[in-house]
Every structure is written in C-alpha cells, then in structure tokens.
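The opening position of the sequence shown corresponds to residue 1 in this note's numbering, with each subsequent residue numbered one higher.
Check each hint, because a few of them may be wrong.
Just the calculated beta-carbon pair ranges, DEER-fashion [said to hold, decoys possible]: (1) VAL178 - ARG26: 27 to 35 Å; (2) GLU142 - PRO191: 49 to 57 Å; (3) VAL203 - GLU142: 19 to 27 Å; (4) ARG132 - THR175: 36 to 44 Å; (5) GLY179 - ARG21: 18 to 26 Å; (6) ASP89 - ARG190: 24 to 32 Å; (7) PRO163 - ARG84: 37 to 45 Å; (8) ARG48 - THR159: 52 to 60 Å.
Keep in mind the hints are simulated off the structure, nothing from the lab.
Just so it is clear, CB atoms sit at the ideal spot from N, CA and C, and this is done for glycine as well.
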Amino acid sequence: MTVHTCALIKSALVTETRGERKERTRRAILDAALQLCEDSSLVALSLRQVAKEVGIVPTAFYRHFDSIEALGLELVDESFASLRAMLLDVRRSDPDFDDIIDSSIGILVEHVHQQRAHFRFIVRERAAGPPRVREAINAAIEQFEKELATDLVRLTGTTTWSPEDLQILSGLIVTAMVGLAEAILRNPDRPDAEKAIVEGARVQLRMVLVGALNWRSKR
Numbered sequence: 001m002t003v004h005t006c007a008l009i010k011s012a013l014v015t016e017t018r019g020e021r022k023e024r025t026r027r028a029i030l031d032a033a034l035q036l037c038e039d040s041s042l043v044a045l046s047l048r049q050v051a052k053e054v055g056i057v058p059t060a061f062y063r064h065f066d067s068i069e070a071l072g073l074e075l076v077d078e079s080f081a082s083l084r085a086m087l088l089d090v091r092r093s094d095p096d097f098d099d100i101i102d103s104s105i106g107i108l109v110e111h112v113h114q115q116r117a118h119f120r121f122i123v124r125e126r127a128a129g130p131p132r133v134r135e136a137i138n139a140a141i142e143q144f145e146k147e148l149a150t151d152l153v154r155l156t157g158t159t160t161w162s163p164e165d166l167q168i169l170s171g172l173i174v175t176a177m178v179g180l181a182e183a184i185l186r187n188p189d190r191p192d193a194e195k196a197i198v199e200g201a202r203v204q205l206r207m208v209l210v211g212a213l214n215w216r217s218k219r
C-alpha cells in the first residue's frame, strides 16, 4: 500500500467521523427543540436556548440550521415523512374500505405513541407556530388529502366521481384522522379512554364512507 493510498484512506475516515459527529449534533439540536417546546411554541424559542441545551456555542447552531424557523420546517418534514409513506402503502396494497380504515387507524395510533413529541409539536405549531411552519404543516395535511383523493378513485363506488367530490371526501377522512391524533394526545396514559376514542373514530369513518358510497357525483 503506497503512502498516497494510506493518506487517502486516513482522509476518508476523518471525513466520515466528522460527518457522523455533525449528524449527531444536528439530531441533538432537533431533539432539544422538541423538548424545549413542550410547553410553548417555536416563536418563544431562541437559538441560544437550544445551543445551551445541546452544549454548543450559539454560532455553531448556524452550521446546521439558518434559523429557528428552518429547524421547525425540518421537524415538520420529519414528523410527516414516515407516516405518509406507510399510509400510502396501506391504500395501494389493499383497496378495500374496511381494511383501509382499520389499517390506517392502527398505523396512526402507533405513530402517535412512537413519536408523541413530534405529534405534540405539530398540534402546537399548527395553531401558534411561526408563519412558515404553520404553512408547512397545512401544506403537508393538504398533500395527504390530494394523495388520498388520487387513491380513492381506484376503489369501488368512486370511479364516476368528480375530482372535486373526491377531494371533499378525502378532506373529511383526513380531518377525522387529525382529530383522532389530537384526541389521543389529550388523553395520555389512559388506555380505556383511548380505546373509546379509536373506536369512535373507526365508526365515524365508516359512517362517512357508507354515505359516500351512496353519493352520485354531478359532473
């Protein structure tokens, strides 16, 4: 092995180590922001608070994010990404209304438990966050509605619907799912209450779909 090759390998290892260290710091900043926002909103959070919580100097914050608002946008993306992908898989693998309802609710409930801090963040910032963060959350929810409307046309009973009516139905479904997540967050550590909430959401969605399947769209 030549001296030049050894130098290249050493350089690659150093670069990888620095990359891993940077990613750990970035992750620590995101986690610190989630924790510090538990009882307030991003609008009340300063980068100095975050930097102090992570153990870095304030100027180091800018190596990862341009602003607190940019950090918030990253948390929005992080909060929705995996849930959106899993719900898409459910709808596209088993086009049956009852199965879609049960599977989608199951996935949502699981995500709320696994990523409670992220969902609490979304609920808070949707109402009181910085403008760009609120817009990003609403845009993500609208994207859910658009994707659902696209998939609904593949299901029996909706093939003759207008795009506008499909959008209305998808909006009703997504609104019910958002309400379910918020209700679970309002009742932490109460299994009986959560069970009733989940069952109520399941019945609500089935009632919506029963009515929808009897709808005749005017084109």
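A quick look at each hint next to the structure:
no. : hint                        : in the structure
1   : VAL178 - ARG26: 27 to 35 Å  : holds (28 Å)
2   : GLU142 - PRO191: 49 to 57 Å : violated (33 Å)
3   : VAL203 - GLU142: 19 to 27 Å : holds (26 Å)
4   : ARG132 - THR175: 36 to 44 Å : violated (23 Å)
5   : GLY179 - ARG21: 18 to 26 Å  : violated (41 Å)
6   : ASP89 - ARG190: 24 to 32 Å  : holds (30 Å)
7   : PRO163 - ARG84: 37 to 45 Å  : violated (21 Å)
8   : ARG48 - THR159: 52 to 60 Å  : holds (56 Å)
In this structure, the earlier hints numbered 2, 4, 5 and 7 are contradicted, and the remaining ones agree with it.
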